[in-house]
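> Residues per chain, in single letters:
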Amino acid sequence: MNDSMYAQWLALACGAFLLAGVLVLWRRDLAAIVRLFALQGVALGAMVVVLGLRQGSVHLVAVAVGVGALRAGLLPYLMRRALDTPPPGNGTAGEEARETRPLVNVATSLLAAAVLALVAYAVSQPIVRLSPGPATQAVPVALTVLLVGFFVLVTRRRALSQVVGFLLIDNAITATAFLTTSGVPLVVELGVSLDVLLAVLVLQVLTTRMRAAFGGTDLGELRELHD
Amino acid sequence: MSGDLMSGLIATVLQVVLVIAGAPLLVGLMRQVRARMEGRAGAGVPQPWRDLRKLLRKEPTEPRDTGWPFRLAPLVLAGTALVVAAVVPLVSTASPLDSAADLFAVTALLALGSVALALGGLDTGTAFGGMGASREVTVLALVEPTILVSVFALSVRAGSTNLGAIVNVTEADPMRVLSPASLLAAVALAVVTIAETGRIPVDNPSTHLELTMIHEAMVLEYSGPDLALIEWASAARLTVLLGLLGSLFLPWGVATAGTGALAVLIGVAAFAVKTAALGVLLAVGEVFMAKLRLFRIPELLAGSFLLALLAVAASFFLAGGA
Amino acid sequence: MNVPGTLLTVALGLCLATALLAPAVPARIRPALSGLGTAAAGAVGAAAGGAAMAGHAWSAWLPDLLPLAGVRLALDPLGGLFVAVTGGVAVCAGVYGIGYARHGLSGRVVQATLPLFVASMLLVPAAASVSTLLVAWELMAITSLLLVLAEHGRRTAVGGAGLWYAVMTHLGLIAILAGLAGLAAGAHGEAFDQLRAAHLPPLARDAVFLATFAGFASKAGVVPLHAWLPRAHPEAPSHVSALMSAAMVNMGVYGIARVGLDLLRGSSEGGAPAWWWLLVLAAGGVSAMYGILQAAVSADLKRLLGYSTTENMGLVLMGLGAAGFFATRGAPRLAALALVAALLHVVNHAAFKTLLFQAAGSVLYATGTRDLDVLGGLRARMPYTTALFAIGALAASALPPGNGFVSEWLLLQSLVHAIPASGVAGAVALPLAVGVVALSAGLAVATFVKAFGVGFLARPRSPEADRAVESPPSMLGGMGLAALCCAALALGPTVIVPGLARAVGTLLPGAAPATGPVSGPVSGPAMETVTLHLSGIAGTMSPLLIAAAVVAAIILLAGAVRMLAARGRRVARLWDCGVGPMSARMQYTATSFAEPLQRVFDDVLRPETDVDVTPKQESAYLVERIRFHALVPDRIERRLYGPVLAAVDAVGRRARALANGSVHRYLAYGFWTLTGLLILLAVIP
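Chains as they are written, first to last, in numbering that gives the first Met the number 0: chain V, 0 to 226; chain E, 0 to 321; chain S, 0 to 684.
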């Protein structure tokens, strides 16, 4: 793989990774959000594959396949299952399957994402300057996704959107790790992946319990527990 | 010098003639595709030309209490469309008018046409005219940032906002089209094109329901030759914008300076094929999409602005990005 | 004394003579005398400025005119530019004022103050020492205040506007005074030449810049110091609004450019800090956005124009900030380009805002109202005013072939090409700046389509608008002159660019003139002279060719339609869905026109709407009447100034306890202060 090909494919994978991340803010439909998250998993896998091919490391390609399978396959599948579980009682499915009233409206969220991207670019310059290269230059992309993920956590109401926000942050951290150090040891990666899986399972259980208790997954309802 | 100038001039004239004659056919083609996909027979590709001929023969009427803004609006709309058709590099980048107007100026000229029509709508003093004008300028105002920031992204690569220069650079290095900056800018500009030409999901060109009309509400009082001009101008704007998208992001076949008559002919064919393909794509998309609520449109435009800004960002984020 | 000096002296002399003569002549001919004198002085002043821009420098020291320091005057190309703009606006306003003053404005004070106001604005850019500048500045503030208050007997809102203006303009003066005094103290002298040579420590330098920036920005109506502008401009007589909005606010820009780029030059050797100019850029961006957003939802024609001034000054400051920023980054060509864009926009804005305020004044004169919601139908009743307003609106909405488009085009070019030169801060700031310029341009289109389409077209919405008649010839003449300037600037910007480049040269020495006709290889010299070429950047645009092409296309199409289509037009009824003729009340109003935009920017504007339904007595379901009340408050003003005013009020109330009415107590305050000061002076070595 020559230099310009490598740079171009990496840029393309990073572009898809970024786009899938910010588009999560655009869509209201939770099913679409899950699909976008799966797409981002594919982009992350592709990114690691490109890095692996560049370094000629079979090990890295194998990790890439694993990462891709987890983030584009298993996690979206689990979320879809949580989504498809019919709500008990008279909860309307239409209301539940959409992020109807985010705390910050969609247009503003998108503009905020644009600003976050520029901020991410500005603050990651010191890291990029350490060892300029196509991979490190893509670190701002990962940082943008991290900030966007956090933004989703802060502003979205549905429990599932929160899970996606959390997973966006995790994807971003993974991407940063691969971009800066060309991957962490396999054991660490496995451990992190298991943690993530566990977290998602816990959140899924929580979501189900919430539905049972409140008839909805609006996290605003949790405030009632305080009183 | 004069040889170049001549071939450029010929290409420009060809391109204008092509837009004048082809624009209604493109609209006819798109309607035909929609009809077929919806299981109807359709009126045939040349139907818009038949409509124009019919309208031209009718007696023009003028509502009471309207004046020069109403009468001038169709002419300004069509005139700006004609100028834009002469300036943008659809067939050849060697247009002698290329240095007179860059992408900013082209955008502003198209806006001038929309403004003229909005004033024509307001001049009638009907609620419909006012409503259409109000919605049109709202969309126009919100579209502007996306266009200019996309232009920014494209000009980073070429070092110029002149259209000929941008297309030349892309043609010299076609792999650039696949870079994230270029792709993001392409999507952003595609959304903008849809908004500017009043297609689904922003506006429905075939609606006459007051809740949803934008463009149709403004032109409600026009009839006869005036309406013919407006219909033709809308088609021409659509053609030019789709052709421009084609030239900016699929620049293959566009003739450059110093190439001969064959290149110009190839340019004509490439322009026709690309524009028709994009038109068919748009028509197919429209079949599967519903119109957005008016107050969801800002979200769509904010999204396209985000894409445009990311395109700028990507051109300095990523090594292979620019 | 050379050409500019002589001309400027003549212009000032004319102003003074007019001001002295005006009170002495009978009221019948007073407006004509004052208007013609002002116009003549403006014309001579414009010539003086033009001569200075052509490269004839001039300076003078009159030691006896002011105690202590004397008066120092100088005209360089930069000062000349602002003198020329002021002169041009004064010509239009003077001619227009002759007719407008018949509206009950022929009193002695107003007619004598008008030429003095113009004189003060000619003096400010010509001042070459701190004290001269401050005296001219204060003269400008007082004369403009008197003119704002001219109609205080007729409307109660005038008093409030005058109070806001008086307080804010003097707070601004204090800030400028503090900043320049600090600079003069550091320089051991107050002539501008001494200030240029001064070397201030960084902290003092920053303080000087911030203080003067705040002061000058408040004069330019920059958000959040704009609160006086949308009050004072609508309440002043319209030719005074034109002078204030097209000439006086420019002095703020002049001050920022003069201090930041010129006077602090010696103190910032090795480069001024980039944050100064990013601050200017940000202030400009916020002003542009906020100003045009308020203008877009405003239904008061003159208030709309006032907010539009804030927007345009914001755009100018964006150019200025970008220029300073590029200069600190070692990109002198881009800096020069941005500065040319900013200065050209000052000129363009002066031309179209003069025209628009005067046209608004004509509407006010003819109908007695500035409320767009009750206007309409003026096209048939005031055809010339309508056409002139249309020219101004085209320019203000930055569409070709208007003149506003040219300067915004230059501004965008300077922003777009700067990425490689400007580092991380630029990479973040510039795309956002482009977005802001674009959105403000788009909203300006919406604003002026509303102002023109609702205010002038269709049918009258009230009896007042129905009774409107065309303005007298002098008013049309004043507007016509401004419209001619707009057209000239729109079609031939390449003519004045060399003068602007010289003005830029005084601020950014070493920068090549950024734009201008250069000989090119392509297509003949005739085309080259009308095309804007940017040196060092591949970007070209020709306003004249665009205009010619559009006109040619329109004529061509009109001819084709005439040949192909049926002849004759039949007047028909409006489509009314078969219910019968529609009343004028069914038209869209300015408020309803702006409603979609208001809804989109709901979070920023926070409009207050109030629906009051009165049911009939017999049944709650039968409605007697519905009253709808909508208000878009100036949110920044309310959030920022509200608490400050409340705090001042509270302090004032508490201070009242000190004054209990006893004369002995008041004398005691003086006594204790005096003794305290004496003791203090004795203690301090």
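Where hints are given, some of them may not hold.
[To be verified] Pairs of lysine to aspartate or glutamate residues, derived as DMTMM-like cross-links and limited to a Cα-Cα distance of at most 25 Å, are as follows:
#: 1; chain 1: E; residue 1: Lys290; chain 2: S; residue 2: Asp601
#: 2; chain 1: E; residue 1: Lys57; chain 2: S; residue 2: Asp575
#: 3; chain 1: E; residue 1: Lys290; chain 2: E; residue 2: Glu209
#: 4; chain 1: E; residue 1: Lys57; chain 2: E; residue 2: Glu215
#: 5; chain 1: E; residue 1: Lys290; chain 2: S; residue 2: Glu607
#: 6; chain 1: E; residue 1: Lys290; chain 2: E; residue 2: Asp172
#: 7; chain 1: E; residue 1: Lys53; chain 2: E; residue 2: Glu215
#: 8; chain 1: E; residue 1: Lys290; chain 2: E; residue 2: Asp64
#: 9; chain 1: E; residue 1: Lys290; chain 2: V; residue 2: Asp2
The set of hints was computed from the structure by calculation and includes no laboratory data.
> Next, verify each hint and record whether it holds.
Structure-based check of all given hints:
1. Lys290/E - Asp601/S: holds, 23 Å
2. Lys57/E - Asp575/S: Status holds; Cα separation ~21 Å.
3. Lys290/E - Glu209/E: Roughly 14 Å between the alpha carbons, so the hint for lysine 290/E and glutamate 209/E holds.
4. Lys57/E - Glu215/E: holds, 19 Å
5. Lys290/E - Glu607/S: violated, 30 Å
6. Lys290/E - Asp172/E: Distance ~38 Å between lysine 290/E and aspartate 172/E Cα, so the pair is violated.
7. Lys53/E - Glu215/E: This hinted pair holds, its Cα atoms lying about 19 Å apart.
8. Lys290/E - Asp64/E: violated, 34 Å
9. Lys290/E - Asp2/V: violated, 45 Å
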